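Line by line, the protein sequences give chains A and L.
Counting from 1, one number per residue, gives the positions in the first sequence under our numbering.
Counting from 292, one number per residue, gives the positions in the second sequence under our numbering.
FYI, nobody ran anything at the bench for these hints, they're computed from the structure.
These numbers come from a predicted model, not from an experiment.
There could be a bad hint or two in this list.
Unchecked claim - Pairs of lysine to aspartate or glutamate, EDC-like flavour, derived with a Cα cap of 20 Å:
| no. | chain 1 | residue 1 | chain 2 | residue 2 |
| --- | --- | --- | --- | --- |
| 1 | A | 238 | A | 224 |
| 2 | L | 443 | A | 151 |
| 3 | L | 427 | A | 195 |
| 4 | A | 193 | L | 450 |
| 5 | A | 232 | A | 203 |
| 6 | A | 200 | L | 450 |
| 7 | L | 488 | A | 162 |
| 8 | L | 443 | A | 203 |
| 9 | L | 427 | A | 203 |
| 10 | A | 200 | L | 504 |
| 11 | A | 139 | A | 107 |
| 12 | L | 488 | A | 78 |
| 13 | A | 111 | A | 124 |
| 14 | A | 232 | A | 124 |
| 15 | A | 139 | L | 485 |
| 16 | A | 155 | L | 504 |
| 17 | L | 488 | A | 195 |
| 18 | L | 427 | A | 197 |
| 19 | L | 488 | A | 151 |
As a plain string of letters, each chain reads:
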Amino acid sequence: MNVGFIGLGLMGRPMALHLAKAGHSLHLWARRPASLEPFKAVDAHLHLSPAEVARHADVVFTMVADAPDVEALAFGEDGLASGARPGLIVVDMSTINPNAARQIGAELAAKGVAFIDAPVSGGETGAINASLTIMAGGKPEVFEQVKPLFEKLGKSVTLIGDVGAGQVAKACNQILTGVGVMAVAEAFNFAAKNDVDVSKVREALLGGFAYSRILENHGQRMLDRNFKPGFKAWMHQKDLRIVMEEAHRLGLMLPASAATAQLFNAMVGSGMGEDDSIAALKLLEKISTPE
Amino acid sequence: MKIGFIGIGGMGRPMVEHLLVAGHCLTVWSRRLESAQPLLALGANWSESPTALAAQCEVVCTNVTGDADVAALADQLREGLAADSVHIDFSTISPALARLIGERHAEHGVDFVDAPVSGGTAGARAATLAIMWGGKAALAERLAPLFACLGKTVVRVGESGAGQVAKACNQMVMVAAIQACAEAAHLAKAAGVDFAKVQAAMLGGSANSRVLDFFGGKMARADFAAGVEARLHHKDFVTLMAAATRGAIPLPIAGTVMQQLDVLMAAGFGTQDTSRLLSVLEQAARH
Numbered sequence: 001m002n003v004g005f006i007g008l009g010l011m012g013r014p015m016a017l018h019l020a021k022a023g024h025s026l027h028l029w030a031r032r033p034a035s036l037e038p039f040k041a042v043d044a045h046l047h048l049s050p051a052e053v054a055r056h057a058d059v060v061f062t063m064v065a066d067a068p069d070v071e072a073l074a075f076g077e078d079g080l081a082s083g084a085r086p087g088l089i090v091v092d093m094s095t096i097n098p099n100a101a102r103q104i105g106a107e108l109a110a111k112g113v114a115f116i117d118a119p120v121s122g123g124e125t126g127a128i129n130a131s132l133t134i135m136a137g138g139k140p141e142v143f144e145q146v147k148p149l150f151e152k153l154g155k156s157v158t159l160i161g162d163v164g165a166g167q168v169a170k171a172c173n174q175i176l177t178g179v180g181v182m183a184v185a186e187a188f189n190f191a192a193k194n195d196v197d198v199s200k201v202r203e204a205l206l207g208g209f210a211y212s213r214i215l216e217n218h219g220q221r222m223l224d225r226n227f228k229p230g231f232k233a234w235m236h237q238k239d240l241r242i243v244m245e246e247a248h249r250l251g252l253m254l255p256a257s258a259a260t261a262q263l264f265n266a267m268v269g270s271g272m273g274e275d276d277s278i279a280a281l282k283l284l285e286k287i288s289t290p291e
Numbered sequence: 292m293k294i295g296f297i298g299i300g301g302m303g304r305p306m307v308e309h310l311l312v313a314g315h316c317l318t319v320w321s322r323r324l325e326s327a328q329p330l331l332a333l334g335a336n337w338s339e340s341p342t343a344l345a346a347q348c349e350v351v352c353t354n355v356t357g358d359a360d361v362a363a364l365a366d367q368l369r370e371g372l373a374a375d376s377v378h379i380d381f382s383t384i385s386p387a388l389a390r391l392i393g394e395r396h397a398e399h400g401v402d403f404v405d406a407p408v409s410g411g412t413a414g415a416r417a418a419t420l421a422i423m424w425g426g427k428a429a430l431a432e433r434l435a436p437l438f439a440c441l442g443k444t445v446v447r448v449g450e451s452g453a454g455q456v457a458k459a460c461n462q463m464v465m466v467a468a469i470q471a472c473a474e475a476a477h478l479a480k481a482a483g484v485d486f487a488k489v490q491a492a493m494l495g496g497s498a499n500s501r502v503l504d505f506f507g508g509k510m511a512r513a514d515f516a517a518g519v520e521a522r523l524h525h526k527d528f529v530t531l532m533a534a535a536t537r538g539a540i541p542l543p544i545a546g547t548v549m550q551q552l553d554v555l556m557a558a559g560f561g562t563q564d565t566s567r568l569l570s571v572l573e574q575a576a577r578h
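Pulled out of the complex, with its shape left as it was, chain A reads as follows (with noise of 0.2 Å):
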């Protein structure tokens, strides 16, 4: 199959990669040269523009940042949608406003092109390991044509429902891992505070109800006082942006994610972006600590 694959980033580059091995014939296009580099080696075309990708190819891959680059890239000048021809598929992995997929699928379908939202959960391991959870919005006879191109890339596949809601799932996700955090960094500042191991009570609840992938994983880089992403603080800090213009949009309460937002605000405030955002757990010590 003819794949074109823009946005070639620490997810993208390993996942192009899974395609191309997986005996697909690769589309570049990247606005930075020096992206293409490790595809040199691999049966891929470069072009010129999004544009010349979307003419060569049956299926075309989003993994950019925000809602913007997406729109950019599908409706921008040399766009997706200038070059596509009908039937062509486009596929978005990137995590954007739920209401913003919705609006770009229902625009690319006027010209006769077919969109998924695809947003993915499991990071840059999870790219690299092809174990990626994809939770994908769009049509179901279009999703059957790109799920065996998912299942080169994931391990967990599911359709939620139409377009915009895999989005949806992802701002789910993201209300339960940012939270998480949180939690878990709240409890170890709580117990260190209390002078009791912090070691010791990870351990115990790892067998109780508080279990969880965050308390193992996140927790015992906590542990080690391990700031490096991983998962940058900004870019949760983001995806809960999302989560709370959609609470905005449809009027609902959401009061966790609201102070787990503020939380994120102020790491990057605070000079955390750029690290994981295990780093709640400095900015809490921070403001709990004499000066």
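Position chain L against the provided structure of chain A, taking the given hints into account.
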């Protein structure tokens, strides 16, 4: 081992049963004799008072509701307990009270162990509780066979009170996760998306947790029958927020969750499951 046990409700009864099966000699006391009958039928002995029970046993376990119950029982038990006997309290109480009881017991040569548990009635029945205990390290060997009958994760966290600190951490992490599940379900439903599918997708990823599996499932099915009654989580949050205030320890998420539990109680959901936190959000959005 001659073991006394006070507090034979949903958690305590299966714990006593496991100890009987393991061949220990059990004596129980409760306010109402009827509640003890099923255990007496299995071979447990009955005692007329906590003090009398304490006088017959080398280890006495208590598993009751809150600070006031444990404080009252501890005073009665101390009158009966011989030197070198041990009082194990499985209840969830404040770390400060646990430390205080530890000091008072020590004056009489009695060891106090705070050993709160996590895992709920299901964990008690299956003997898979997580037991987090605080007390003298030297007691570990003596108590290991008893704890082994009840749970599969047994961790000595530190000195007296440390078990309750760990339990407070457990409740913070767990109930914050229930609240996060409720918010995720609320967002998914409002966007017209099937939360059961969202939950299934998330269980495969970094958001996986025991809470997402159990409470997320209850929310997807709108099954609000307790599990653990929400009023008990509310009580735990009252205790831990008081400890946070005393220690000037900022807990912004736990504070927010406490507010939602307050609304849950005011709405009359206290005897139902804590997954009712979803209903609290939905009530606020109702016209």
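Evaluated hints:
{"no.": "1", "hint": "A/238 <-> A/224", "result": "violated (26 Å)"}
{"no.": "2", "hint": "L/443 <-> A/151", "result": "violated (37 Å)"}
{"no.": "3", "hint": "L/427 <-> A/195", "result": "holds (16 Å)"}
{"no.": "4", "hint": "A/193 <-> L/450", "result": "holds (15 Å)"}
{"no.": "5", "hint": "A/232 <-> A/203", "result": "violated (26 Å)"}
{"no.": "6", "hint": "A/200 <-> L/450", "result": "holds (12 Å)"}
{"no.": "7", "hint": "L/488 <-> A/162", "result": "holds (12 Å)"}
{"no.": "8", "hint": "L/443 <-> A/203", "result": "holds (12 Å)"}
{"no.": "9", "hint": "L/427 <-> A/203", "result": "holds (19 Å)"}
{"no.": "10", "hint": "A/200 <-> L/504", "result": "violated (25 Å)"}
{"no.": "11", "hint": "A/139 <-> A/107", "result": "holds (15 Å)"}
{"no.": "12", "hint": "L/488 <-> A/78", "result": "violated (37 Å)"}
{"no.": "13", "hint": "A/111 <-> A/124", "result": "violated (33 Å)"}
{"no.": "14", "hint": "A/232 <-> A/124", "result": "holds (11 Å)"}
{"no.": "15", "hint": "A/139 <-> L/485", "result": "holds (15 Å)"}
{"no.": "16", "hint": "A/155 <-> L/504", "result": "holds (19 Å)"}
{"no.": "17", "hint": "L/488 <-> A/195", "result": "violated (42 Å)"}
{"no.": "18", "hint": "L/427 <-> A/197", "result": "holds (15 Å)"}
{"no.": "19", "hint": "L/488 <-> A/151", "result": "holds (18 Å)"}
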